[in-house]
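Which chain is which? The protein sequence lines are A and B, in order. The first sequence begins at 1 in the numbering used here and counts up one residue at a time. The second sequence begins at 141 in the numbering used here and counts up one residue at a time.
Worth double-checking, as some hints may not be accurate.
Once the Cα atoms are required to be at most 25 Å apart in a straight line, the calculated BS3-like pairs of lysine-lysine come out as [what the hints assert, rightly or not]:
#	chain 1	residue 1	chain 2	residue 2
1	A	Lys88	B	Lys389
2	A	Lys29	B	Lys559
3	B	Lys559	B	Lys254
On the chain B side, residues computed to face chain A include the following (Cβ under 8 Å) [unchecked claim]:
#	residue
4	His206
5	Trp207
6	Gly269
7	Leu270
8	Gly274
9	Lys275
10	Gly338
11	Asp354
12	Val355
13	Ala358
14	Gly362
15	Ala378
16	His381
17	Gln382
18	Ala392
19	Glu406
Footprint (simulated), chain A over chain B, 3 or more residues, beta carbon under 8 Å [as the list claims (entries may be wrong)]:
#	region
20	165-174
21	318-330
22	383-390
23	506-520
Source of the hints: derived by calculation from the structure; they are not laboratory data. Note that this is a predicted model, so its numbers are computed, not measured. Glycine residues also receive a C-beta, built at the ideal position from the N, C-alpha and C atoms.
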Amino acid sequence: MYEHFEHEADIGIRGIGSSVEEAFEEAAKALFDVEVDVEKVEAKKKIVVKCEAENIEELFVEWLNSLLSQASLRDMVFSEFEVKIEKKERFFLEGTAKGEKLVPEKHNIKDEVKGATYSQLKVYQDEKTKRWIAQCIVDV
Amino acid sequence: MDIQKFKQINDYEWEIPKTGSMRVPGKIFASRKLIEEMDEKVWEQLSNVATLPGIQKASIAMADAHWGYGFPIGGVAAFDANEGIVSVGGVGFDGGCGVRALKTNLTLGDVQPKIKELIDELFRTVPAGLGSRGKILLSDAEVNEVLREGAKWVVEKGYGTEKDLEFIEDNGSIKGAMPEAVSSLALKREKKQVGTLGSGNHYLEVQYVDEIYDVEVAKKYGLEKNQIFVWIHCGSRALGHQIGTDYLKVLAEASRKYGIPIHERELVCAPINSEEGQRYFGAMCCALNYAHANRQVIAHLVRQGFSRIFPNAEVETFYEISHNSCKAERHNIDGKSKIVYVHRKGATRAFGPEREELPKPYRSVGQPVLIGGTMGTYSYILHGVKEGERAFFSSCHGAGRAMSRTAAKKKFWGQTLIKELEAKGIYVRAHSMSGLAEEAPLAYKAVEEVVEAIHNANLARKVARLRPIGNIKG
Numbered sequence: 001m002y003e004h005f006e007h008e009a010d011i012g013i014r015g016i017g018s019s020v021e022e023a024f025e026e027a028a029k030a031l032f033d034v035e036v037d038v039e040k041v042e043a044k045k046k047i048v049v050k051c052e053a054e055n056i057e058e059l060f061v062e063w064l065n066s067l068l069s070q071a072s073l074r075d076m077v078f079s080e081f082e083v084k085i086e087k088k089e090r091f092f093l094e095g096t097a098k099g100e101k102l103v104p105e106k107h108n109i110k111d112e113v114k115g116a117t118y119s120q121l122k123v124y125q126d127e128k129t130k131r132w133i134a135q136c137i138v139d140v
Numbered sequence: 141m142d143i144q145k146f147k148q149i150n151d152y153e154w155e156i157p158k159t160g161s162m163r164v165p166g167k168i169f170a171s172r173k174l175i176e177e178m179d180e181k182v183w184e185q186l187s188n189v190a191t192l193p194g195i196q197k198a199s200i201a202m203a204d205a206h207w208g209y210g211f212p213i214g215g216v217a218a219f220d221a222n223e224g225i226v227s228v229g230g231v232g233f234d235g236g237c238g239v240r241a242l243k244t245n246l247t248l249g250d251v252q253p254k255i256k257e258l259i260d261e262l263f264r265t266v267p268a269g270l271g272s273r274g275k276i277l278l279s280d281a282e283v284n285e286v287l288r289e290g291a292k293w294v295v296e297k298g299y300g301t302e303k304d305l306e307f308i309e310d311n312g313s314i315k316g317a318m319p320e321a322v323s324s325l326a327l328k329r330e331k332k333q334v335g336t337l338g339s340g341n342h343y344l345e346v347q348y349v350d351e352i353y354d355v356e357v358a359k360k361y362g363l364e365k366n367q368i369f370v371w372i373h374c375g376s377r378a379l380g381h382q383i384g385t386d387y388l389k390v391l392a393e394a395s396r397k398y399g400i401p402i403h404e405r406e407l408v409c410a411p412i413n414s415e416e417g418q419r420y421f422g423a424m425c426c427a428l429n430y431a432h433a434n435r436q437v438i439a440h441l442v443r444q445g446f447s448r449i450f451p452n453a454e455v456e457t458f459y460e461i462s463h464n465s466c467k468a469e470r471h472n473i474d475g476k477s478k479i480v481y482v483h484r485k486g487a488t489r490a491f492g493p494e495r496e497e498l499p500k501p502y503r504s505v506g507q508p509v510l511i512g513g514t515m516g517t518y519s520y521i522l523h524g525v526k527e528g529e530r531a532f533f534s535s536c537h538g539a540g541r542a543m544s545r546t547a548a549k550k551k552f553w554g555q556t557l558i559k560e561l562e563a564k565g566i567y568v569r570a571h572s573m574s575g576l577a578e579e580a581p582l583a584y585k586a587v588e589e590v591v592e593a594i595h596n597a598n599l600a601r602k603v604a605r606l607r608p609i610g611n612i613k614g
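Whole structure, please, built from the sequences with the hints as guidance.
This is the structure we're talking about:
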């Protein structure tokens, strides 16, 4: 599942899942739900995203920003995601995103996200629920 | 915020005394009321910025300050050219975001009867909203020229006049841009976005001068009561966003490499003199130039739109400022004149009189300072004064948010807002209804209070107030 949380000037996005990968996938839905009604986006075309970072939190921001870049390059929006994460000396992510061309009337455009930020950035496993949480503020 | 945490200098100047690892004190130019209403995080972020290497005089926040990314929004910080740093957090993800103000030879009486026609025309003419694309498609070589030369390049291509350039900060073409420091991804994302407004809090507004406070300065600026103005608020679009994103990562690595202690992750930075610092600065200058070019094209489209409704309209550039930037400027520090790197994140440059950077017609009275309100309220024109030196000649940039976007969306409806504003004589067209609700006037601080605080703090002085009659939201 995913949710948005409050921030004075911008919007917080949070993905929650049974694994860190699922939390990343859910957070990606939260991201595109800032831009459009994500449930109206059909998974017609698949793209591949690869990124890496020094730690899991920076990897999360990389993942979101890679999706934003790809969406803007291709004039697309995405609604379905799959993530694999590997930890070596650094963190590596290989994922896919499915979506379609952006149609303002169909998808109900909302805010353009400028970037995912390091603000309130957290990736962790909740001790009580054992669920993974990945969150940050996005700049709109 | 708890006012007890501050030392009062006077009614509009408050200090956070230097403690711990702070290199300089923190400072806020605001009224007691505005500070009490501010987020606690502003205090924390001001204190954190004060710990950065090479910071000069004070870590400063303006009356519209709120919680930002590392640096508060409404933050100003200047760094020594040798010992200092540059940071994405001090500029923001939208480098070069700013305001172009256009003045016209039309009056309220001319435009009000045709305001719907005019706004509908401009709504068609100026691309805006998520995914919007401009009409200019640049080749790879041309992109590099825009990044290097900014508004100058688009004027040479026929979008506007030489006279426009005279009234843009840095003449719309800042030196030091390094297109080679901009990633190929950022360049690709730029395609087809020159001349687009964007979304979020970006807008295009038709206004009239409803009150003049300083007759002498207004005369120098060529302002008259009831004169029609157009304000264009937007930035460097996806190019700037990608530069911000790319360099956040580069500077995170650089902070580790150079061992700079970072109190909040978004404060990541690099020494100005390092390769990473130089490259970020060069890329950020590209974003500034791109934003100038973008607003120049939009100004040209606005001019065309006006001429279709009002064939005798003369639409001239009054002034243009950036309010997200880092600039190498000469300032007086401890009695010595030296170059410092001034970061302004949601803050406007406000040079006092006689600065050589100012256009000649305005030089004797100081720089016009453009402070945008919200669509239901006023915007203000102030002028820079010599007392502004203590804040590196800076002012606030707008009203500053008082309510989160999520809260605003729950509280307001786009359609209802349009009706309410229309009843007040403001015709609004929006590309996104939920985006419109997020920008509801009541989601912002009262711009009057913010401007009053800057005026009374003597950082810039009021010249005129403008009231909207039409607005286009991105």
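Here's how the hints hold up against the structure:
1. For the hint pairing Lys88 of chain A with Lys389 of chain B, the CA-to-CA distance comes to about 19 Å; that is within 25 Å, so the pair holds.
2. At roughly 33 Å between alpha-carbon atoms, Lys29 of chain A and Lys559 of chain B are farther apart than 25 Å, so this suggested pair is violated.
3. Of the pairs offered as hints, the one joining Lys559 of chain B and Lys254 of chain B holds, with about 18 Å between alpha carbons and a cut-off of 25 Å not exceeded.
4. Nearest Cβ of chain A to the Cβ of His206 of chain B: about 5 Å, under the 8 Å cut. The hint holds.
5. The interface hint given for Trp207 of chain B holds, since its Cβ lies 5 Å from the closest Cβ of chain A, which is under the 8 Å cut-off.
6. About 6 Å separates the beta-carbon of Gly269 of chain B from the nearest beta-carbon of chain A, less than 8 Å, and the hint is met.
7. Restraint check, Leu270 of chain B versus chain A: the minimum CB separation of about 4 Å is within 8 Å; hint holds.
8. Below 8 Å, beta-carbon pairs count as interface contacts, and Gly274 of chain B has none with chain A, the closest being about 13 Å; its hint is therefore violated.
9. With a least beta-carbon distance of about 16 Å to chain A, the hint placing Lys275 of chain B at the interface is violated under the 8 Å criterion.
10. Satisfaction of the interface hint for Gly338 of chain B is found here, the shortest Cβ-Cβ separation to chain A being roughly 6 Å, below the 8 Å cut-off.
11. Taking 8 Å as the C-beta contact cut-off toward chain A, the hint placing Asp354 of chain B at the interface is violated, the least distance being around 31 Å.
12. For Val355 of chain B, the interface hint is violated, the least distance from its beta-carbon to any beta-carbon of chain A being 36 Å, above 8 Å.
13. At its closest, the beta carbon of Ala358 of chain B sits 32 Å from a beta carbon of chain A; the interface hint therefore is violated under the 8 Å criterion.
14. About 34 Å separates the beta-carbon of Gly362 of chain B from the nearest beta-carbon of chain A, more than 8 Å, and the hint is not met.
15. Taking 8 Å as the C-beta cut-off, the interface hint given for Ala378 of chain B holds, the closest approach to chain A being about 5 Å.
16. Interface hint status for His381 of chain B: upheld, as the beta-carbon distance to the closest one in chain A is roughly 4 Å, under 8 Å.
17. Given the 8 Å rule on beta carbons, the hint for Gln382 of chain B holds: about 6 Å separates it from the nearest Cβ of chain A.
18. Against a cut-off of 8 Å between C-beta atoms, the interface hint on Ala392 of chain B holds, since the closest Cβ of chain A lies about 6 Å away.
19. Annotation: interface hint on Glu406 of chain B holds; nearest CB of chain A at approximately 5 Å, less than 8 Å.
20. Counting residues of the region 165-174 of chain B whose beta carbon lies closer than 8 Å to any beta carbon of chain A gives 0, which falls short of the minimum of three for the stated coverage.
21. For the region 318-330 of chain B, the stated coverage by chain A is satisfied: 3 residues place a CB nearer than 8 Å to a CB of that chain, which reaches the threshold of 3.
22. Counting residues of the region 383-390 of chain B whose CB lies closer than 8 Å to any CB of chain A gives 4, so the stated coverage by that chain holds, three being the minimum.
23. Beta-carbon proximity to chain A at under 8 Å applies to 0 residues in the region 506-520 of chain B; the threshold of 3 is not reached and the given coverage is violated.
Consistency with the previously given hints fails for numbers 2, 8, 9, 11, 12, 13, 14, 20, 23, ordered from lowest to highest.
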